[in-house]
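Asks: The residues making up each chain are set out below.
There are 2 protein chains.
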Amino acid sequence: MNLDSIDCCVSSAYSQSLNGTRLGDTAEETMSIREYIKSSRHIVVPNHDDRKIAVINSVLSSFGLPRAVHLCIPTNSPDLTRTPAVSKALMALDITGADLVIARGRLGVPGSGSMLVIMDSRGRILSASLSPSHLYHAKSISDAVTHEMEEALVRVGFQKEKI
Amino acid sequence: MNLDSIDCCVSSAYSQSLNGTRLGDTAEETMSIREYIKSSRHIVVPNHDDRKIAVINSVLSSFGLPRAVHLCIPTNSPDLTRTPAVSKALMALDITGADLVIARGRLGVPGSGSMLVIMDSRGRILSASLSPSHLYHAKSISDAVTHEMEEALVRVGFQKEKI
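In order, the protein sequences belong to chains W and C.
Using our numbering, you'd call the opening residue of the first sequence number 26 and step up by one each time.
Using our numbering, you'd call the opening residue of the second sequence number 26 and step up by one each time.
I should point out that these hints are in silico values taken from the structure, not numbers from a laboratory.
Misleading hints may appear alongside valid ones.
For identical chains, the list gives no copy identity; a pair is met inside one copy or between any two copies.
What the hints assert, rightly or not - The calculated SDA-like cross-link candidates involving lysine to any residue, where the alpha carbons are at most 25 Å apart (straight line), are:
| id | residue 1 | residue 2 |
| --- | --- | --- |
| 1 | K164 | G45 |
| 2 | K164 | R59 |
| 3 | K164 | M56 |
| 4 | K185 | H67 |
| 5 | K63 | R107 |
| 6 | K63 | Y161 |
| 7 | K164 | R47 |
| 8 | K187 | D104 |
| 9 | K187 | H162 |
| 10 | K164 | L48 |
| 11 | K164 | Q184 |
| 12 | K63 | L160 |
| 13 | K164 | V179 |
| 14 | K187 | Y161 |
| 15 | K185 | I78 |
| 16 | K63 | Q41 |
| 17 | K164 | E175 |
| 18 | K63 | H162 |
| 19 | K63 | T171 |
| 20 | K63 | D124 |
| 21 | K185 | L105 |
It should be emphasised that the depicted structure is a prediction, and the values quoted were computed from it without experimental measurement.
Let's have the full structure, built from the sequences with the hints guiding it.
Replies: What follows is the structure, given as C-alpha cells:
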C-alpha cells in the first residue's frame, strides 16, 4: 500500500486548484491510483450474500490484481442514506480497516440505478462506474457487475492482462 | 416540479429496506425522477466559463426537456473536497435555490476522472454519469459532455425525441 503517492497528488492538486492552474487529471495521479490498488493486500466486498465476490475476483484476476474477500454484513441500512453505494463502502471500511473496499449499491434516490465504487483505506473515492436502473438493461447481475468492475479499472488506466 | 412523488418513493423504499423486502429500482421510482426533471423550471449549470452550457442545452432539447442556464461561479473550491462534482452541484444549489442542478466535475481523488451529476432542489442525486480520465479517451470536452448528459438521462428511462 502506498498512501504517500496519493497524498502528494492531492496536495499538489489542491495547490493547482487554489492557484487556478489545474488542468485536469495527470498521468502521475492515475498511476498513483493504480499503484495503490495493485499494492492493496486486504480488499473487501461488502454484501449480504456472496453473489458478487466470484465475479469481482474473476475481473481482478484478469487484470492481474489481488483477490478480494467477501464481507458478509446486512447492507440495508446504507439504503436509508442519500448515497447508498458510498455509504456501504464506508460502512465496510469502518468495520474492517481494509486497504481497499469495492462496494456496489444504489447511486442516489430510489430509481437512480447502481454504482460500483472503489475506495481507499481513508474513505477516498479512487474510481467508480455506473449502471442504468435494471429496468433499462437486459443484463444479468453477474454481467452488470463484470462490466462495472472492468469499467472502474479501465477508466483509471488499467489494462487486462494478455493470456 | 413534483417533489411529492419522489418523497413517496423514498419513504416506500426506506420501508422496504428496513423490512428486507427491497428488490431494486421500480418503474414508479424512475418515472418520478423523470417527471421531476421534466417539470423543473429553473435549471442551472455551474461553471467558471460557459463552454458546457450550449452542449448541455442541445442534449436537453433533443430529449424535449427545458433549457438550463449557466451559473457563472468560480468552481475551484469544490476541487478541494473529496467529491468535487457533487460539491459543485451543492454549491450551485445553495447559491440559486434552483429546481435542478447539472454539474460536471471530478469524481473523487485527483486522477479519478469526471462525473456529471443531476441533483434536485434538496440536494438529492437523481442521476449521474462518469467518464474516464481524459488521458484515456480521445473525446473533445464537447463530445464527452454530450455523451455524459445523454447517458445520465437514458439510464433513468428518458428517450430522445424523434425528429
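Asks: Hint by hint, note whether the structure agrees.
Replies: Hint check:
no. : hint           : in the structure
1   : K164 with G45  : between (43 Å within a copy, 24 Å between copies)
2   : K164 with R59  : between (28 Å within a copy, 22 Å between copies)
3   : K164 with M56  : between (31 Å within a copy, 21 Å between copies)
4   : K185 with H67  : within (21 Å within a copy, 44 Å between copies)
5   : K63 with R107  : between (30 Å within a copy, 22 Å between copies)
6   : K63 with Y161  : between (34 Å within a copy, 19 Å between copies)
7   : K164 with R47  : between (39 Å within a copy, 19 Å between copies)
8   : K187 with D104 : neither (38 Å within a copy, 36 Å between copies)
9   : K187 with H162 : between (29 Å within a copy, 21 Å between copies)
10  : K164 with L48  : between (37 Å within a copy, 16 Å between copies)
11  : K164 with Q184 : both (23 Å within a copy, 19 Å between copies)
12  : K63 with L160  : between (34 Å within a copy, 20 Å between copies)
13  : K164 with V179 : both (20 Å within a copy, 16 Å between copies)
14  : K187 with Y161 : between (33 Å within a copy, 19 Å between copies)
15  : K185 with I78  : within (19 Å within a copy, 36 Å between copies)
16  : K63 with Q41   : neither (27 Å within a copy, 38 Å between copies)
17  : K164 with E175 : both (15 Å within a copy, 20 Å between copies)
18  : K63 with H162  : between (31 Å within a copy, 22 Å between copies)
19  : K63 with T171  : within (19 Å within a copy, 33 Å between copies)
20  : K63 with D124  : within (11 Å within a copy, 42 Å between copies)
21  : K185 with L105 : neither (36 Å within a copy, 32 Å between copies)
Taken one by one, the earlier hints fail for this structure at numbers 8, 16, 21, listed in ascending order.
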